[in-house]
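Protein chains in written order, with full-length UniProt numbering: chain S, 1 to 286; chain H, 1 to 184; chain X, 1 to 729.
Since the hints were made in silico from the structure, they are not lab data.
One or more hints might be untrue.
Simulated pairs of lysine to any residue, SDA-like, Cα-Cα distance not exceeding 25 Å [unchecked claim]:
id : chain 1 : residue 1 : chain 2 : residue 2
1  : S       : 147       : X       : 316
2  : X       : 679       : S       : 105
3  : H       : 4         : H       : 123
4  : S       : 142       : X       : 397
5  : H       : 135       : X       : 679
6  : S       : 148       : X       : 472
7  : X       : 646       : S       : 284
8  : H       : 8         : S       : 57
9  : X       : 201       : S       : 285
10 : X       : 201       : S       : 65
11 : H       : 135       : X       : 551
12 : X       : 592       : X       : 551
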Amino acid sequence: MDADELLKNAKAVANNMSEYQHNLPQDTPDDREFPEAARTELLDECEEQYEQLQQLQNEITLAESESPQNPPNQAADRASALRAELKEWLEIQPNLLSSNPEVLLAVGKEELPRLNKQLEMVLSCSQAKRDKLKEVLKSEQKWLEEKKEVLKAATEQVIVLQQENDRLSEKGVLEDMKKKVQKVKDYQDSLLETLGDILAEHFPLPVQEGNANKKKKGITTEPRADLISLHDILELLMNKFVETPHEPYVMINETFWPPYIEMLLRHGIASRHPEDCFKIRLEAFY
Amino acid sequence: MSLKPYSKLPELNTANVLLVENEEEFQKRLSEAIVRQENSVNVTVRLARCLPLPVENAEGRPRIDLVVFIVHLRSEQSLLSTEASLKHLDSGYFLGKVCFLVTGARSGTVSYERLASIKRTAASLNCPLLMTEDKTTEGVHTAAQRVLNILKVSAGLVPMASGLYLSTLIRCSMPTDSDWQNQD
Amino acid sequence: MPRKSNLSRLDMNSSSENDSSNSGRSDRSLRVAENNRKKSEAEDPFVLALKYFSQVEEGTPWKGNDVVERHMAVVERVALSQGLPPEAISVLLDFAMSLRMGAALCVRVLKILVPASVVPQEAVIKGVSWLCVGKLPMNAQTMFIRWVLTVFDLIDSKDHLRAIYGFIFSFVTEDNLCPYICHLLYLLTRKESIRHYRVRKLLDLQSKMGRQPFLMHLLALYKVFCPELVTLSFPSKMKSGFRNHNSTWKVALSAVQKKNKAEVFSDIQLTVSVKKQPTSKKRKFKGHLMVPAMSSVPRIGTSNNKAFPLEQLRTFSQLLENLHRIELPAQMGSMLGSPLALHYMDCVRDDSAFLRLNFWLGHSLHEEFLFCRDSDSEDMTEAVRFLNTLISTQCFLQEGFSSTEVFLYKFLRVWDGALLRPQILGLLSDIPVVPSSRIKDLLFEPLMQLFFTSSLYFKCSVIECLNSMLLKWLTWHSVYALEDELDISVTSHTPLNMTLSGLMDSVVQLVQFVGRIATVGLQLEGYHPLLLSFTLDFYETVCDMYIKYNLPLVLMPPAGVFYPFLLATDPITVDRLCHIMYRYRTNLISAKDQDQQTEKAFHISRKTYREFNQYVVSIVSCLWNSRVFLAGMGIELSDEVLAQSKVPEYWTTFSLIHHPAFMGYAVDFHQKCWPERKKLDLNSIRTGKRWDWYVEFLFSEGFQGLKEFVESSLNRRASDREAGATAVG
Chain S
1 MDADELLKNA KAVANNMSEY QHNLPQDTPD DREFPEAART ELLDECEEQY
51 EQLQQLQNEI TLAESESPQN PPNQAADRAS ALRAELKEWL EIQPNLLSSN
101 PEVLLAVGKE ELPRLNKQLE MVLSCSQAKR DKLKEVLKSE QKWLEEKKEV
151 LKAATEQVIV LQQENDRLSE KGVLEDMKKK VQKVKDYQDS LLETLGDILA
201 EHFPLPVQEG NANKKKKGIT TEPRADLISL HDILELLMNK FVETPHEPYV
251 MINETFWPPY IEMLLRHGIA SRHPEDCFKI RLEAFY
Chain H
1 MSLKPYSKLP ELNTANVLLV ENEEEFQKRL SEAIVRQENS VNVTVRLARC
51 LPLPVENAEG RPRIDLVVFI VHLRSEQSLL STEASLKHLD SGYFLGKVCF
101 LVTGARSGTV SYERLASIKR TAASLNCPLL MTEDKTTEGV HTAAQRVLNI
151 LKVSAGLVPM ASGLYLSTLI RCSMPTDSDW QNQD
Chain X
1 MPRKSNLSRL DMNSSSENDS SNSGRSDRSL RVAENNRKKS EAEDPFVLAL
51 KYFSQVEEGT PWKGNDVVER HMAVVERVAL SQGLPPEAIS VLLDFAMSLR
101 MGAALCVRVL KILVPASVVP QEAVIKGVSW LCVGKLPMNA QTMFIRWVLT
151 VFDLIDSKDH LRAIYGFIFS FVTEDNLCPY ICHLLYLLTR KESIRHYRVR
201 KLLDLQSKMG RQPFLMHLLA LYKVFCPELV TLSFPSKMKS GFRNHNSTWK
251 VALSAVQKKN KAEVFSDIQL TVSVKKQPTS KKRKFKGHLM VPAMSSVPRI
301 GTSNNKAFPL EQLRTFSQLL ENLHRIELPA QMGSMLGSPL ALHYMDCVRD
351 DSAFLRLNFW LGHSLHEEFL FCRDSDSEDM TEAVRFLNTL ISTQCFLQEG
401 FSSTEVFLYK FLRVWDGALL RPQILGLLSD IPVVPSSRIK DLLFEPLMQL
451 FFTSSLYFKC SVIECLNSML LKWLTWHSVY ALEDELDISV TSHTPLNMTL
501 SGLMDSVVQL VQFVGRIATV GLQLEGYHPL LLSFTLDFYE TVCDMYIKYN
551 LPLVLMPPAG VFYPFLLATD PITVDRLCHI MYRYRTNLIS AKDQDQQTEK
601 AFHISRKTYR EFNQYVVSIV SCLWNSRVFL AGMGIELSDE VLAQSKVPEY
651 WTTFSLIHHP AFMGYAVDFH QKCWPERKKL DLNSIRTGKR WDWYVEFLFS
701 EGFQGLKEFV ESSLNRRASD REAGATAVG
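All chains should be modelled from the sequences, with the hints used to inform the complete structure.
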């Protein structure tokens, strides 16, 4: 709960104390003057304290002027200060307020309204908490209801599925599977076709005479005439991979145009044999 | 001449705080918020750009119960000025009468190094370091309230508690957090 | 996948646009009609500029080209003031990525590519294809990917992007792009995208680049989907993984979105669903802090066409009917605040969903609350709403997200104690059990600084927060702990596995921490009844840990908390203390029985018994036997001080008659017994049967705790008015 909200509630309660007003005693009329004697006693005590304070101040000044300016040592200073404070705490005797009943009465009178205000805060805070708990309870109950329903629905679903499962005949499943297989085969065919088209269109074999568009004009050796297409290379790799999965490597020979090999390797489509650089395989795409 | 914590007599029901800020942009708003909030004790707020304080005013200056250094992480200068001012403070102040207020720590634009640096300083002096939202009214209000809480203790107005005691509870710890890493 | 196009102000019939809109994004007849209607706008400089960019010839020089400058200026102005409509994004992205006028203009255009509403998927696809051409300079490449990440939530659908997962994946080998590519892949990955060779590639990269957080996060996601493919183990708390990517556009984007709020919202509605959703109120755009609208990835042509997209769920009964075939949305953040979605999530317990949600959340929290540039705004309503949604989500799922946890630990260190206080403390109370080795650094230290410097209300809120944190830990334990193997996994979605002793260590630390801060806090606040009340709440949880939550642990409050309760000025505090002591007794006795019956019971130290008995003796000697301040009764004072006080029979001052908390009742009782008496003599209550009647009178006033305590812990001796405390141990 927000504390500000709390405070607001507390104030509201303070303004409207009807809930417990009836069992509060009447305010006692404060007609008695604070006795002179008590006042004097208090003032004397103050004087005494002040004198002590001044004495201490003098001691401090004296001590400061006397002590040579040592380079301050944080840790040591702190440790000794803490030790001193600890000692003080251990030795200190509780101080009585005053033994004068008049003074005590005055203190008590001051204390009670303050306590009253504080308790009003506690009251309003408890009320706010109670209201919040009620809300939480309500939402938790709703939550629980819904959870139960979800559980019920899921259980029913499981039963339905199980029944369906039992009902399915072997033949139906087979039929279904066949359809799926056919579908996948068709899809594969169309993929291969597309691949073929792309390869044919975008990856031609080098034309034999020095091509003007080629950047690498420095290549002196003419490409061989018996080069196989990228299409063929891929087909070789794929077939090998499917036919002999334990030995998917293909020997490279002069009919493989090196730039295409390079490309396949660079793009992670193929990889070289770790020991024999003339063997390559299709990357295991699964 | 360095500022000393006990060179003057305390006054009845009074607490005095000194706000040190090189930029002088936040201290005024903070001081107003502090004065506005406290009504049971006489609080006086004194402002300074840096330490040492001018000698000519030393006579009329009351005993300072708490020195607050305002550090803006947005500016390197703010950090440097604070480090320089610290040298002009009597070591007695570091026994629970100094605190640091840091602004802008939530902003990703400030370098983590700067925050780590001021944290190291605060930790080595065993002083508390408070994070502040200086841009919002609520933030200023909160900062004022927290400074007042520390001030009342360090001025001896809270029974059974001393500044030294409180500072051991709230002092800044050395920044060691390794998983504190802002994204880039 | 037809999409209603946003034809706000564009007249696009240029050839290049037609080429790129091959997916049929726009309806042609609609376009023609639009054309006629908007003919008057044909002279709009923005339209002209776009026309220019879509038609400009390759190789046109840009240096000193006034025409292009003029058009650029128009486009920049529109982009930064109101954002660019989808078609403009397509045109400009294509223009930039094709490098038709060189790399400099490319980067310049990318920088201002601020969408007003959505980003057409095809534009992004086209961008990726230009990326594949491989002519872009490196800075333009990174910028493009960063842009895609920034606008990812605004891309109208992601199915085609997922279809080219492999193409995007191939860029991970580029060192500079890798972090951003990993992030993009993270957002796109589904189970189908994970392949053995991709895992291998990432592992390869990792061995080359070291354990980079972006690789780790992607691999972690892979592992969630396909644990059999990734055998790596990951640390339970990973560094926030992905680099900040949106710095270039964030400010402009949030400004534009704020401005176009209403408009954007309706646009999204158009693309997402036809009907207004029941929960859409919660998902409005919240400036830059938004819970994204829900849209799932439509699957075209897959066999699984029965899938029911989550965003089409309207009613609870629909959820129940379609429980088995619901598809998660593409943007996991949209699940926050939708009770139906959360039900589903809770039901399927899909790890990848949690991981994705966590990732989105961590990023948003970090961006908004820890990385806020110049957040001068006083208006926190958006943030409040967002965090409240998060709190209710966590409450619904009954567990905290690990990204919230990581965020909180960072946030606590820079928190001023006031900003979003209810939300932050609410989230904090949800965090799962913190290992005892880190609890001090992560939690106690920052909290302690805040606690002792902040107001009374903050102190109360912190104690309340820690109480509800403890309650949740205990509840988790009681739910997940298995009887035979006392080994628990606290939550199913954090990799944190915790043993019983680990949990107990953390609980001990937490309880002791509260004991410490409450002791000092009470002292600083002058034993304020409000703080006393919150501390009592905490110990009401602590005293019942064994019986209520089956955690074999009994921890007594420290003296600094106990005696303030006992000597409090109000009867409720004393009454609640009595109740707590009664519960402690019940727990201790039950534990002792267990101890004697079975072997695996836990052992309670002698010290705990001693402490408990000492406290009971204190209460009895205070309230019943009028022996306070006497030797051996808990509180002692020197004789001189007591003599100085001149209080007669000082040892009776905290008896049930004279205790400041009960004196009012004693006076009442006195009046009832002797209505005619003028002189008040409370001591006369102590004589004869009156004392018993007085105690009965107190019970009748509702002091149940007192009653429980009296009935369990007191053995009254008939001979005199003395009572003995019944010890346990």
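The hints, checked one at a time:
no.: 1; hint: S:147 x X:316; in the structure: 11 Å, holds
no.: 2; hint: X:679 x S:105; in the structure: 19 Å, holds
no.: 3; hint: H:4 x H:123; in the structure: 21 Å, holds
no.: 4; hint: S:142 x X:397; in the structure: 14 Å, holds
no.: 5; hint: H:135 x X:679; in the structure: 63 Å, violated
no.: 6; hint: S:148 x X:472; in the structure: 22 Å, holds
no.: 7; hint: X:646 x S:284; in the structure: 97 Å, violated
no.: 8; hint: H:8 x S:57; in the structure: 7 Å, holds
no.: 9; hint: X:201 x S:285; in the structure: 12 Å, holds
no.: 10; hint: X:201 x S:65; in the structure: 75 Å, violated
no.: 11; hint: H:135 x X:551; in the structure: 46 Å, violated
no.: 12; hint: X:592 x X:551; in the structure: 14 Å, holds
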